[in-house]
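Q: Model the full structure from these sequences, guided by the hints.
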Amino acid sequence: MKKSLIALAVLAASGAAMAQSSVTLFGIVDLGVRNVKQGGQSLWGMSKDGINSSRLGFRGVEDLGGGMRAGFWLEGALTSDTGDGRTTGAALDFQRRSTVSVMGGFGEIRLGRDYTPTFWNHTVFDPFGTNGVGSSVNTYGGAVTGATVVRSNNTIGYFLPGNLGGIYGQAMIGLKETKAANSASDYAGFRVGYQQGPLNVALAYGQEGTATATGSNPKRWNLGGSYNLGVANLIGQYTRATAPGSLKLNHWMLAATAPVGPGLLKASYTRSDYNGSNDANQIALGYEYNLSKRTALYTTYSRIANKGGAAFSVGAFAGQPATAPGGKSTGFEAGLRHSF
Amino acid sequence: MKKSLIALAVLAASGAAMAQSSVTLFGIVDLGVRNVKQGGQSLWGMSKDGINSSRLGFRGVEDLGGGMRAGFWLEGALTSDTGDGRTTGAALDFQRRSTVSVMGGFGEIRLGRDYTPTFWNHTVFDPFGTNGVGSSVNTYGGAVTGATVVRSNNTIGYFLPGNLGGIYGQAMIGLKETKAANSASDYAGFRVGYQQGPLNVALAYGQEGTATATGSNPKRWNLGGSYNLGVANLIGQYTRATAPGSLKLNHWMLAATAPVGPGLLKASYTRSDYNGSNDANQIALGYEYNLSKRTALYTTYSRIANKGGAAFSVGAFAGQPATAPGGKSTGFEAGLRHSF
Amino acid sequence: MKKSLIALAVLAASGAAMAQSSVTLFGIVDLGVRNVKQGGQSLWGMSKDGINSSRLGFRGVEDLGGGMRAGFWLEGALTSDTGDGRTTGAALDFQRRSTVSVMGGFGEIRLGRDYTPTFWNHTVFDPFGTNGVGSSVNTYGGAVTGATVVRSNNTIGYFLPGNLGGIYGQAMIGLKETKAANSASDYAGFRVGYQQGPLNVALAYGQEGTATATGSNPKRWNLGGSYNLGVANLIGQYTRATAPGSLKLNHWMLAATAPVGPGLLKASYTRSDYNGSNDANQIALGYEYNLSKRTALYTTYSRIANKGGAAFSVGAFAGQPATAPGGKSTGFEAGLRHSF
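The listed protein sequences derive, respectively, from chains A, B and C.
Going by the working numbering, the residue at position 1 of the first sequence is 1058; the numbering climbs one at a time, nothing skipped.
Going by the working numbering, the residue at position 54 of the second sequence is 1111; the numbering climbs one at a time, nothing skipped.
Going by the working numbering, the residue at position 74 of the third sequence is 1131; the numbering climbs one at a time, nothing skipped.
Some hints could be false.
Because identical chains cannot be distinguished in the list, a pair is counted as satisfied if it fits within a single copy or across any two copies.
Once the Cα atoms are required to be at most 27 Å apart in a straight line, the calculated DSS-like pairs of lysine-lysine come out as [claimed, not checked]:
| no. | residue 1 | residue 2 |
| --- | --- | --- |
| 1 | K1094 | K1236 |
| 2 | K1305 | K1364 |
| 3 | K1385 | K1236 |
| 4 | K1094 | K1276 |
| 5 | K1305 | K1276 |
| 6 | K1276 | K1236 |
Because the hints were derived from the structure by calculation, they are not lab data.
A: Laid out in structure tokens, this is it:
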């Protein structure tokens, strides 16, 4: 009597009724081994989230009739190599996403904690997503430390409906909940894009009312696009982040993916310029071998070449020496990603 | 293959067999916007739990044959606006309820962490439950700080069976687990009621062995009732809490609900007297608009008028100034409650 | 619409398709009452995990075709008497097990946090498992404090396939992830056994690179076996743990179980010798009465007789006086274990 739940087969068998109202348990466990060389040390260890973030979630949709639907989404991060939640030693929360929505012909209104629109281009227009040693954000984060770079609490979001001839978009505000000058949830931003045939392009802009290490009220915009030639998908993105009087970041990436056998070959080149100097270049190469739609073996190699005082890392282990200023950081990982 | 779980439709289709043994994933996400005016400041922000506590739970029942059943219930609170568990920054636990039961013709024996009987009248006989700016408990909690006001650890509970001609009831003891004078789980209480036709009335009593800010070994009793006239449901409750030599609280509420369109109009008046002086009055008005049985839009307005040194609040934001002693606190919220 | 999930009945009805790909929610809630006498105090309280560890988990298997499967397993501990996770005051994590696997004719490769092979003989060859007042590990833990006694982070495990004529086995390494001398996940071990007809026997060995209170780099081996006579199952295990220059533990247990009515009678005798002196004997007697395959009532009595400076306990409550050196500790518990 151990099998007390669910089944994909049951779900498939239930047909149309299924689509009307459902609760879904879903997640990803992505684990592997990683080698990182930096700061004069080469270290092997277990890696998590090589190509996708490990997670556990619960979501559902209810058909309200008249084209209207309600839904919820609770999703938390897993530190799979230690059996923890969002971080080592922490338990399961739903900080990846915690929302309730009303959907209809008008689009979707969504309340709660959610991704910021400005984050999406980073992950959508990078063949390595924002995971693993190959991600373009390895050379992005350094001086961009606003609280809402990835997600924001206390948000009201609006999403365009899906029937606008390829145009898609969203807008979000995070409620400050204070009269003080700074709030970790003071965010306003939007994203608008166009996808038709082989082309996909999107622009995002956001600003926040948080003091950061590099200046107050940072602004970020991001343009990403891809064009699928069939034999290969060409991808690029450009990000600019500024904070008055201090930070000016130009960050861009060129990449391509190509189907090879039952898998996908991936390559990218990223360049990160802080305040006008070329601070770091990263090259990344990877391959995903699909055992099924849900399960893949993968391997990734990447190398960051820092310049001047920059010290970006491909993703070191806790306790490993930091990258030397102007030094190199190289990474290799091989792993297994299973979705459910 | 994302939809790996369940479905309401599947459940409905499975018919009678379903009732015999099942595991159920359930929960609520309730989010909205709230304005609170108090201490000279009017502040807007995101609110959670406007009419129901956000939660995630797992429960199940097993048919043991011969009229006997076993069951479990694990339910944790969600701080939905930040993606956290019971409180901001905390992860998911099951402190709302964590129990195992044996049930039969004799009723139910339940072990674990559970609601105290004395808490039930507060929420059952209040049209605003114990949630949001309109709840009568806004003016209750102040000096009543015993550890078991809402729930207790380490409890053994007994519930009467459901076939006693309208009489219902429960008793609970919390095991101290110490020879020390005070224990956070030292509770003993009961609740007994009668529900027939339009009438529902219940009495609860409890005492605990915990030292509180207002005296040791507080005792609480509570009488609640409702009478449904059809066009309106009249509701009232009276609570008395005492701690030897210090606290004497008289707390009462009169309320009514009326079905209006596809929704429910709610109104209440609450008065809270500490040690013989009228410390606070609260008026609350709300409307729930049902999009379905599971999903509702709602709005609530309330105002607390404090007297003397009392400083009750309808539910301020973190960092918002406290209500001035003898001052007013007013709240408004509008939100979306989705159950699953 | 509260019942939004699953059903055992649905699962059974779905037949063969079910076995191919599924996600399963599972768990145990085990609660009861316990009396512990030690240090001059007899104390009653609520006990958890009297015969099985309370837990909540999610696991799944995907059929990849060609005899290959992928799977995940996320399982966390429940402190059921207080509604908490792994420990009182902590929330739900998945430190019991957090793994992803590929399985096939070659066996299973498993990555993540998992039990160490050396732990298995303790629980498999003890009629009281490693739970409750009767467990043989009550007199084991004292000086054996290595981080990987039960589980290890960052592991790569291999399991033999199930078709080797009764031979079973596994090997595991935990990746250090540091150049430092000690790491909490520096483990290497294996377990190999043989099960055929009434006989089951297994040997396990492991060593770790962690400094402990009783010396660095402890080594442990363990031999366990059982022979089922029908009227009774005879069980024994022997464990030796050493840390260079300090600790030398000989720990053995003889036990028997016998089916009596709809339940199981259990008895064990355990002896624990630290560095050559007989430090403690434990006798334990218990009975499990099965209400169903998933649900049982149980009771256990045990007594530890310490010698010299030893002060083992059957499992005291927080705040209860420790066992006096050379003194006795006796325990009784009765509870309800429900699996789902």
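Q: Give a verdict on every hint.
A: We went through each hint and held it up to the structure:
Proximity of K1094 and K1236 under a CA criterion of 27 Å is satisfied inter-copy only: 13 Å between copies versus 46 Å inside one chain copy. Only within a single protomer do K1305 and K1364 lie at most 27 Å apart by alpha-carbon distance; the minimum there is 17 Å, versus 55 Å between protomers. Proximity of K1385 to K1236 under the C-alpha cut-off of 27 Å is restricted to the inter-copy arrangement: shortest distance 19 Å between copies versus 44 Å within a copy. Taking identical chains as interchangeable, the C-alpha atoms of K1094 and K1276 are never at most 27 Å apart, the minima being 33 Å within one chain and 32 Å between chains.
Taking the shortest alpha-carbon separations for K1305 and K1276, only the intra-copy value of 10 Å comes in at or below 27 Å, while the best inter-copy value is 56 Å. Taking the shortest alpha-carbon separations for K1276 and K1236, only the intra-copy value of 21 Å comes in at or below 27 Å, while the best inter-copy value is 41 Å.
Violation of the numbered hints given earlier is confined to hint 4; every other hint is satisfied by the structure.
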